[in-house]
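Novice: Single-letter residue listing:
There are 2 protein chains.
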Amino acid sequence: MSVNELSQRHALVLDAVHRLLRRGAMRNLGKMVNKMHPAEVAKVVRHLEDRTEKRIVVGLLEDLEARAEVLSELDPDSIVAVFTQMSTQAQLGVLRALSSDDAADLLGWLPPEVASTLIPQLTATDAEMVELLGYPEETAGGIMTPEFLAVPSTATAGDAIARLQGAADAEMVFYIYVVDAAGILEGVLSLRELLTVPPDRPVTQVMVTPVIRARVDVDQEEVARLTARYNLLAVPVVDEAERLVGIITVDDVIDVIREEATEDMLKMSGTSVDTEYTLTAGSFKAARLRIPWLLANVVGGVISALLLMYFSVTLKTVLAVTAFIPVSMALGGSLGLQSATIVVRGLATGRIELSDVRRVFMRESRVGAMVGLVCGGLVGLIAMAWQSPWLGLVVGVSLFLASCVAVTIGTLVPMLFESIKIDPAVASGPLVTMLNDLTGLLIYLSLATWMLWLLAPGGHP
Amino acid sequence: MSVNELSQRHALVLDAVHRLLRRGAMRNLGKMVNKMHPAEVAKVVRHLEDRTEKRIVVGLLEDLEARAEVLSELDPDSIVAVFTQMSTQAQLGVLRALSSDDAADLLGWLPPEVASTLIPQLTATDAEMVELLGYPEETAGGIMTPEFLAVPSTATAGDAIARLQGAADAEMVFYIYVVDAAGILEGVLSLRELLTVPPDRPVTQVMVTPVIRARVDVDQEEVARLTARYNLLAVPVVDEAERLVGIITVDDVIDVIREEATEDMLKMSGTSVDTEYTLTAGSFKAARLRIPWLLANVVGGVISALLLMYFSVTLKTVLAVTAFIPVSMALGGSLGLQSATIVVRGLATGRIELSDVRRVFMRESRVGAMVGLVCGGLVGLIAMAWQSPWLGLVVGVSLFLASCVAVTIGTLVPMLFESIKIDPAVASGPLVTMLNDLTGLLIYLSLATWMLWLLAPGGHP
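Taken in sequence, the protein lines are chains A and B.
Quick note on numbering: the first sequence equals residues 1 to 461 in this note's numbering.
Quick note on numbering: the second sequence equals residues 1 to 461 in this note's numbering.
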């Protein structure tokens with residue numbers, strides 16, 4: 001199936017599911033979903049509005065592995081809603097079918113009373129997933145799976161292949177790790193290399209060293225950067241003593257990269273990842289999460305109002321000054337947001353480091369000056385032709401100054417946040433926009449007042 | 001090395017390279033870079049300001065494979081600058097060492113006269129990379145590599161393993177594809193599965209069908225979505241006749257996902273991916289790319305000025321009306337940008353489809369109403385206490401109305417773009433902000449004028 005066929009097919013499937021649900025034709029619906037790829041079922045379930053409907057569709061899946069796979073593709077709220085409706089037997093089956101990292105996440109999202117009844121019923125081998133609960137969600141430890149393949153440094157290539165053939169449940173195997181007697185990571189073997197050497201060759205002669213690795217406590221964003229930079233398929237995770245404790249596979253890294261990008265985009269616009277459109281999330285919750293950053297506008301608006309009243313003599317003297325208030329605020333706000341976006345994204349992808357601050361700042365300053373010249377010149381000329389030469393001059397000069405300030409604020413605010421270890425995406429968008437709106441207004445009104453004072457007979461208005 | 005150590009190390013390395021370059025200590029520098037991982041060298045080269053310095057460092061790498069790997073991690077401008085300085089012999093060597101997809105990109109970036117002297121010197125097997133030049137850069141065909149492993153449907157598991165052992169240059173092999181006599185893709189074999197079945201088993205009994213695939217002409221974003229959804233390590237690419245012509249490996253997909261996210265973020269703020277901070281890119285070019293969208297502010301500013309002059313009687317009558325102009329513009333602009341960001345990102349990740357328009361719109365409308373009640377109520381009360389009850393009422397009601405309009409525009413503009421096949425990220429940010437600024441202003445001034453007319457003795461001001 002090609003991509004276009006897939007999305008057409010998806011619309012048809014969703015339609016069919018809706019129809020069967022409405023008719024209560026559970027047998028036909030069951031036949032249909034059991035024939036579908038779990039990723040497709042997940043997509044359908046995500047688009048169902050009703051939680052009962054979600055539960056019905058997932059419940060129809062006979063294979064617990066398939067149920068687990070569908071669940072692992074859903075958003076946390078839907079997962080919990082669907083999961084808590086299952087029988088304890090099915091819950092345990094699903095937990096076992098999930099990879100340990102997903103199972104640990106799920107246990108963490110469940111209401112404590114549900115989780116605490118399930119945990120004692122998990123067998124000793126399931127204990128790993130419980131252990132994973134101990135790591136914060138967005139660290140290497142939180143996203144790793146403890147299911148990896150490792151051989152002792154005394155093994156041969158043949159031993160490693162036998163180990164591979166015997167392993168049933170290792171998630172997406174491409175590398176076999178070599179560890180010493182204490183479990184300390186020593187090297188890595190690629191599957192392909194193993195096939196091309198004689199079976200009696202010691203693994204220490206085939207393995208690659210040193211191994212790129214991540215400590216359990218590093219941020220998941222760092223893991224993503226590492227994977228992208230070194231083109232890895234899996235990153236081994238080690239504890240404080242350099243012992244191998246888990247791996248992070250590339251499919252989980254892709255999820256991290258997508259999530260982090262989504263998060264940064266939403267944060268820049270002053271919302272949060274929890275308001276991402278989950279099609280069923282409550283609008284009340286969304287509004288509650290979005291209002292705090294919009295209050296930046298309220299605060300900015302009140303300060304603007306005070307500024308305008310402070311300069312009311314100027315406005316009363318020449319009403320035309322009012323006409324260019326909007327553009328004096330908007331240009332700086334937008335330009336600053338551009339700078340902030342470039343810096344925030346650069347810091348996230350590693351293209352910009354904190355040590356580049358001087359260079360980034362110099363470049364943005366030049367951009368600010370050029371933008372100020374072009375846009376300030378343009379609006380200044382319009383104001384000159386339409387109103388009066390002196391107002392045109394005031395508008396032009398203040399747009400130029402506001403542009404220079406805007407890129408400065410846009411560059412320095414996220415850099416400052418980064419240096420004091422606050423996520424630069426969090427407050428940059430709304431804060432930079434508000435600061436630049438206010439600066440633009442202040443520059444414009446001050447210049448206009450000063451100019452009026454100069455023009456007034458006797459030197460004051 | 002853990003992540004923290006890596007970034008500390010990077011600062012030290014960069015420092016050392018700078019020092020050695022300044023002292024002209026080429027032998028020591030050569031020793032140093034030849035011992036480093038190509039990904040690290042690439043990072044160093046990206047941070048050098050001077051093109052001559054970039055060229056020197058890359059030129060010191062003795063291994064052409066390493067040179068190719070460093071080049072493939074750089075931005076197009078630096079690649080061309082460094083590459084064109086090499087000898088023709090080295091250029092040919094690097095082209096051969098690059099994977100075909102990267103080589104084809106490089107040939108495409110070179111000045112035509114340079115590319116046309118190189119292409120005839122490439123041997124027959126290099127012809128593949130030239131063929132790749134034919135596909136647009138951001139399609140499956142443009143990012144695929146023609147180096148994949150395939151066996152005929154008559155082969156056995158043992159044949160497939162032998163094929164794997166014989167293949168030297170296949171890029172990141174994890175799957176072996178099964179094709180019929182005409183080259184049409186029939187199934188896929190996983191490396192691990194091959195190792196666990198008897199060697200004489202026909203591949204048709206081991207292969208997985210149907211295979212998730214991409215047509216050469218689909219957008220790279222669709223390939224990324226497919227890889228993420230189905231957790232694939234490589235996506236096979238087929239032509240119109242369903243013949244297997246290449247594969248896209250997961251490391252390239254990661255690059256696509258990061259690039260697309262960067263692109264969307266920058267576009268939303270009205271810049272373009274070409275202005276992304278490359279540390280050496282010219283500020284003139286950056287300004288030229290950023291000004292067009294800032295002109296949206298100029299146009300919006302001029303329209304605002306006309307509106308304000310149109311309503312000048314109102315402003316002259318009660319100057320305090322001016323005080324709340326900024327907030328009446330800003331709140332709607334920010335709120336609309338939030339909605340637009342959620343929709344743009346949702347469309348990009350596949351969480352939102354065009355068919356969800358009604359549901360997204362309903363949710364955003366509820367959010368808009370709630371935000372309008374809270375923020376409108378707050379600013380309205382402030383205006384009431386500070387100025388006059390009627391102005392408070394005008395401010396509150398217009399903020400409420402502006403919020404409702406803002407979410408509508410923020411939701412519908414990107415959806416409209418998507419439906420007419422314009423990238424919704426491109427114009428949404430600046431356009432939505434400008435439209436909402438203007439609507440907010442228009443609503444506020446109209447309401448204020450109407451209220452003044454009601455309050456005026458005799459029914460008109």
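Just so you know, these hints were derived from the structure itself, not from any lab.
Heads up, some of the hints might be wrong.
Any copy, or any two copies together, can satisfy a pair, since identical chains are not distinguished.
List time: in silico SDA-like cross-link candidates among lysine to any residue, alpha-carbon distance up to 25 Å [as the list claims (entries may be wrong)]:
(1) LYS35 with GLY166
(2) LYS285 with SER388
(3) LYS316 with GLY134
(4) LYS285 with PHE400
(5) LYS285 with ARG201
(6) LYS285 with TRP109
(7) LYS316 with MET451
(8) LYS421 with ALA11
(9) LYS316 with ILE303
(10) LYS35 with ASN231
Novice: If the cutoff is 25 Å on CA atoms, where do LYS316 and ILE303 land: within, between, both or neither? Let me know, please.
Specialist: Both, since 19 Å and 22 Å are each at most 25 Å.
Novice: Is it within, between, both or neither when you check LYS316 against MET451 at 25 Å Cα-Cα?
Specialist: both (15 Å within a copy, 21 Å between copies)
Novice: Classify it for me, LYS285 with PHE400: is the Cα-Cα distance of at most 25 Å met within a copy, between copies, both or neither?
Specialist: Intra 41 Å, inter 19 Å, cutoff 25 Å: inter-copy only.
Novice: Which holds for LYS421 with ALA11 at a C-alpha limit of 25 Å: within a copy, between copies, both or neither?
Specialist: Classified as between: cross-chain Cα gap 18 Å, same-chain 44 Å, threshold 25 Å.
Novice: Cα distance capped at 25 Å. Does LYS285 pair with SER388 within a copy, between copies, both, or neither?
Specialist: neither (50 Å within a copy, 33 Å between copies)
Novice: Should LYS35 paired with ASN231 be assigned to within, between, both, or neither, using CA atoms and 25 Å as the limit?
Specialist: between (35 Å within a copy, 19 Å between copies)
Novice: As a check of your reading, is LYS285 near ARG201 (CA-CA no more than 25 Å) within one copy, between copies, both or neither?
Specialist: neither (60 Å within a copy, 57 Å between copies)
Novice: 25 Å Cα cut-off: does LYS285 pair with TRP109 within a copy, between copies, both or neither?
Specialist: Within one copy only: 18 Å inside, 49 Å across.
Novice: Can you tell me if LYS35 and GLY166 fall within 25 Å by alpha carbon in one copy, between copies, both or neither?
Specialist: Classified as neither: same-chain Cα gap 29 Å, cross-chain 38 Å, threshold 25 Å.
Novice: If the cutoff is 25 Å on CA atoms, where do LYS316 and GLY134 land: within, between, both or neither? Let me know, please.
Specialist: Answer is neither; intra-copy 65 Å and inter-copy 65 Å both fail.
Violation of the numbered hints given earlier is confined to hints 1, 2, 3 and 5; the remaining hints are satisfied by the structure.
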